[in-house]
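Chains as they are written, first to last, in this note's numbering: chain A, 1 to 403; chain B, 1 to 403.
If you're looking for bench data, these hints aren't it; they were derived computationally from the structure.
Yeah, the Cβ is synthetic: ideal placement off N, Cα and C, and Gly gets one too.
Take these hints with a grain of salt, some might be off.
Among the chain A residues that face chain B by a calculated CB cut under 10 Å, a handful are [said to hold, decoys possible]: (1) N97; (2) D267; (3) H284; (4) R307; (5) P312; (6) S329; (7) Y332; (8) E336; (9) L337; (10) E377; (11) V379.
Residues from chain B that keep clear of chain A, each with C-beta distances beyond 12 Å, as calculated [claimed, not checked]: (12) V87; (13) R149; (14) S192.
Number of protein chains: 2
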Amino acid sequence: MVIALTTHTRFANARLADGSLVDLTVTDGRFSAITPAGKTAEDTAAIVDLVGQLVVPAFVEGHIHLDTSFYGDAWRPHIPCTNGFDVRERVAFQARNLAAAAPMAERARNQLELCVGNGSLAMRSHVMVDASVGLKHVETILAVREKYRDLIDIQLVAFPQGGILSSPGTAELLDEALKLGCELIGGLDPASFDRDVNGHLDVVFGLAQKRGAGVDIHLHDGGTLGLFQVEEIAARTKALGMQGNVAVSHAYGLGDIQADALEKAGDMLAAAGVAIMTNAPGNHAFPPVAALRRAGVTVFSGSDNIRDSWWPYGDGDMLNRANMIGYRSGFYEDHELEAAFDVVTHAGAKALRLDGYGIAAGARADFVVMPAEHVPEAVVAVPKGRTVYRAGGAVAKDGKMLR
Amino acid sequence: MVIALTTHTRFANARLADGSLVDLTVTDGRFSAITPAGKTAEDTAAIVDLVGQLVVPAFVEGHIHLDTSFYGDAWRPHIPCTNGFDVRERVAFQARNLAAAAPMAERARNQLELCVGNGSLAMRSHVMVDASVGLKHVETILAVREKYRDLIDIQLVAFPQGGILSSPGTAELLDEALKLGCELIGGLDPASFDRDVNGHLDVVFGLAQKRGAGVDIHLHDGGTLGLFQVEEIAARTKALGMQGNVAVSHAYGLGDIQADALEKAGDMLAAAGVAIMTNAPGNHAFPPVAALRRAGVTVFSGSDNIRDSWWPYGDGDMLNRANMIGYRSGFYEDHELEAAFDVVTHAGAKALRLDGYGIAAGARADFVVMPAEHVPEAVVAVPKGRTVYRAGGAVAKDGKMLR
Numbered sequence: 001m002v003i004a005l006t007t008h009t010r011f012a013n014a015r016l017a018d019g020s021l022v023d024l025t026v027t028d029g030r031f032s033a034i035t036p037a038g039k040t041a042e043d044t045a046a047i048v049d050l051v052g053q054l055v056v057p058a059f060v061e062g063h064i065h066l067d068t069s070f071y072g073d074a075w076r077p078h079i080p081c082t083n084g085f086d087v088r089e090r091v092a093f094q095a096r097n098l099a100a101a102a103p104m105a106e107r108a109r110n111q112l113e114l115c116v117g118n119g120s121l122a123m124r125s126h127v128m129v130d131a132s133v134g135l136k137h138v139e140t141i142l143a144v145r146e147k148y149r150d151l152i153d154i155q156l157v158a159f160p161q162g163g164i165l166s167s168p169g170t171a172e173l174l175d176e177a178l179k180l181g182c183e184l185i186g187g188l189d190p191a192s193f194d195r196d197v198n199g200h201l202d203v204v205f206g207l208a209q210k211r212g213a214g215v216d217i218h219l220h221d222g223g224t225l226g227l228f229q230v231e232e233i234a235a236r237t238k239a240l241g242m243q244g245n246v247a248v249s250h251a252y253g254l255g256d257i258q259a260d261a262l263e264k265a266g267d268m269l270a271a272a273g274v275a276i277m278t279n280a281p282g283n284h285a286f287p288p289v290a291a292l293r294r295a296g297v298t299v300f301s302g303s304d305n306i307r308d309s310w311w312p313y314g315d316g317d318m319l320n321r322a323n324m325i326g327y328r329s330g331f332y333e334d335h336e337l338e339a340a341f342d343v344v345t346h347a348g349a350k351a352l353r354l355d356g357y358g359i360a361a362g363a364r365a366d367f368v369v370m371p372a373e374h375v376p377e378a379v380v381a382v383p384k385g386r387t388v389y390r391a392g393g394a395v396a397k398d399g400k401m402l403r
Numbered sequence: 001m002v003i004a005l006t007t008h009t010r011f012a013n014a015r016l017a018d019g020s021l022v023d024l025t026v027t028d029g030r031f032s033a034i035t036p037a038g039k040t041a042e043d044t045a046a047i048v049d050l051v052g053q054l055v056v057p058a059f060v061e062g063h064i065h066l067d068t069s070f071y072g073d074a075w076r077p078h079i080p081c082t083n084g085f086d087v088r089e090r091v092a093f094q095a096r097n098l099a100a101a102a103p104m105a106e107r108a109r110n111q112l113e114l115c116v117g118n119g120s121l122a123m124r125s126h127v128m129v130d131a132s133v134g135l136k137h138v139e140t141i142l143a144v145r146e147k148y149r150d151l152i153d154i155q156l157v158a159f160p161q162g163g164i165l166s167s168p169g170t171a172e173l174l175d176e177a178l179k180l181g182c183e184l185i186g187g188l189d190p191a192s193f194d195r196d197v198n199g200h201l202d203v204v205f206g207l208a209q210k211r212g213a214g215v216d217i218h219l220h221d222g223g224t225l226g227l228f229q230v231e232e233i234a235a236r237t238k239a240l241g242m243q244g245n246v247a248v249s250h251a252y253g254l255g256d257i258q259a260d261a262l263e264k265a266g267d268m269l270a271a272a273g274v275a276i277m278t279n280a281p282g283n284h285a286f287p288p289v290a291a292l293r294r295a296g297v298t299v300f301s302g303s304d305n306i307r308d309s310w311w312p313y314g315d316g317d318m319l320n321r322a323n324m325i326g327y328r329s330g331f332y333e334d335h336e337l338e339a340a341f342d343v344v345t346h347a348g349a350k351a352l353r354l355d356g357y358g359i360a361a362g363a364r365a366d367f368v369v370m371p372a373e374h375v376p377e378a379v380v381a382v383p384k385g386r387t388v389y390r391a392g393g394a395v396a397k398d399g400k401m402l403r
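Extracted from the complex, chain A is given alone in its bound form:
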């Protein structure tokens, strides 16, 4: 799929987040000029009149699982664990489901087009690496990524869904996944899953150092056990000089603790440059977004699972995710709604270390146009009538792909 770049286009009467009405000139896929509306000198640019609609940077989908969704495939009813939640039992359920599912590449494409249709043009996907599936998932998703490279930027996390120490051979597979093209190494509840925090983190950070990879660890452990591991990850990040290149996903423990402990944890995370990913999960405490942001922590978000063996929810819409983050965080004021929006845009771009992000001269012209007066209204109304532009070319409208 090759995107034919519109080489020189002026998007007239665009409403920016600060309320200003501007003309956005795009040249060779990047914003070349941003000028007050109606005051731009005429030239050869093709004109697209946005009639005052809101223009925002494309959303950042910071946590998704491209390999395990059944979106667009047959409905697979959720079955609970037999005796309370158990990751290993869920993984076994997932293996049975995947064996009966449509080809992985097809399911991944369904999810990608759902996300792009909603306005996400950059994404971090975790991809399962374990002794049973080996590198099959990674190889498949790498091929899908290649086919969609003109449409969406995807970074991949080699994700040890079956643990590392408790699943012999996984460390070598993770190393191989990084060599194949995964940019980050993942982890999974070092304490509750592998029962060895230091041993698990030795492998994760060791491979990250060896391959120059980033780190993004799934951490579901709650309470003080979760907090302890957050501290360990932050300490290693700082010691290894990996500030800005490490994230903890979910970090439920940060949602369980008292204000004083949270303040300490926030300062530590900010100093270590460790980002926190939360999807404002359904019936679960989650990291306090406002308090962490106040401490200087980069908080980003993602859909997480979309209609898979873990839960049936997920819509691949990061604007709706901003709504959920705001709703569940009690964000009512405009600046709070703007903070929720920042989580799915600029903060996400920072966590994913994206280059040339935003509505700014020189940035890539990846943007979303929608009927909203301003960002707070967009966050509460979640308008679905959006047009998504990649490098200045329309790629989706009203949730449907245009090419």
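Chain B: place on chain A using the hints.
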């Protein structure tokens, strides 16, 4: 606005919630026959082919405030209370906002069309009655209701937003509101607002008895104070023989208590026939939907405030509300997603004592058609491409009014 009834129409190939594919025949606004698809004898009916789309009864919007929303009017940024949440301060903020807002009838119509567009054709709205606004809100909303009577069934609650005992003259105004046409009398935190549980409930239940009205009380008080008032309301309901005609809205206290106390409360509410309304509020504990349903309690839902002085959220979409109830309740299995859907359909109809509700021969043909395989998928996907039928005639499509 008069709806021209299509006197005899067959909606062919309708997918019902039980998975069956049927033809729905509508005669003079009601379902006259439901027969297996393709096996219906030909007659003079006009044919609408639903091509296997899901058909569900129109949603029940069980708690809304038609008088106070700014939906469709200017954006009014939220301002927090100066020293923690305070109902009186919020009411004062609301009064300032309303003084500057578009005419109430216009704002009420905006909300009604939003709700109908999303598929709600029955509604319970609270309408403010207090010493400062008197009966103005009630009179305005009664007139709006009259204009929309062919489109949506609306029942009104005379709502003492400023308290009863602490706002002299309110009891008389509430009585007058019931005489004017409100079907229910409301209440507001008898303990924390009026500081007199029995005194407040004496007025509420006294007027309900005097006028043969139903009761729907706003109860935000949490913990044991909330639980105590729930018990008092249930005891009075039973003593007065008002089973099935009383509801408690919000009832946050039920979300705070331990399993054993909850079980006792659930049994008491079920025996007293007191329904519980929850909108699965943002950052707040709320009544446990599954446990209450198991106890036999009717749990219904509503948008509550839509973009008003209390919060900026709300979309008037009861299918999205079912999604939120499921998401926040940890409902993952099909039967759980179906329970969330029941809350916004049949349970709502029971709480509102609607006659002739549902997809059944003899019931009014108020239904919603949407592209979903079944109810669980509808709850997680929240498809917006719906067609809404009132008495067998299409009134809205893709969220937009057709007439």
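**Asked** Given E377(A) as an interface hint, is the shortest Cβ-Cβ distance to chain B below 10 Å?
**Response** Holds, about 6 Å.
**Asked** Can we keep the Y332(A) interface hint, with Cβ of chain B closer than 10 Å?
**Response** Holds: closest Cβ of chain B sits about 4 Å from Y332(A), inside 10 Å.
**Satisfaction of the V379(A) interface hint, Cβ to chain B closer than 10 Å** = At about 8 Å, which falls below the 10 Å cut-off, the nearest Cβ of chain B leaves the hint on V379(A) intact, so it holds.
**Message:** Less than 10 Å between beta-carbons is the criterion; does S329(A) satisfy it with respect to chain B?
**Reply:** Cβ of S329(A) sits 6 Å from chain B, so the hint holds.
**Prompt:** Are H284(A) and chain B close enough, Cβ to Cβ, to be under 10 Å, as the hint says?
**Reply:** 8 Å, holds
**Item:** Beyond 12 Å from every chain A Cβ - status for S192(B)
**Value:** The claim holds: S192(B) sits with its nearest Cβ about 19 Å from chain A, beyond 12 Å.
**Check on R149(B) being off the interface with chain A, judged by Cβ distance over 12 Å** = The assertion about R149(B) holds, with a minimum of 28 Å to chain A.
**Message:** Next item in the hint list is E336(A). Is there a CB on chain B closer than 10 Å to its CB?
**Reply:** 8 Å, holds
**Prompt:** Would the hint on D267(A) stand, with a C-beta cut-off of 10 Å toward chain B?
**Reply:** 24 Å, violated
**Item:** R307(A) as an interface hint toward chain B, with CB separation required under 10 Å
**Value:** 7 Å, holds
**Message:** Using the nearest Cβ pair, does P312(A) come within less than 10 Å of chain B?
**Reply:** 5 Å, holds
**Prompt:** Holds or violated: is there a CB of chain B closer than 10 Å to the CB of L337(A)?
**Reply:** Where the cut-off is 10 Å and the nearest Cβ of chain B is about 7 Å from L337(A), the hint holds.
Hints 1, 2 from the list above are not met by this structure, while the remaining hints are.
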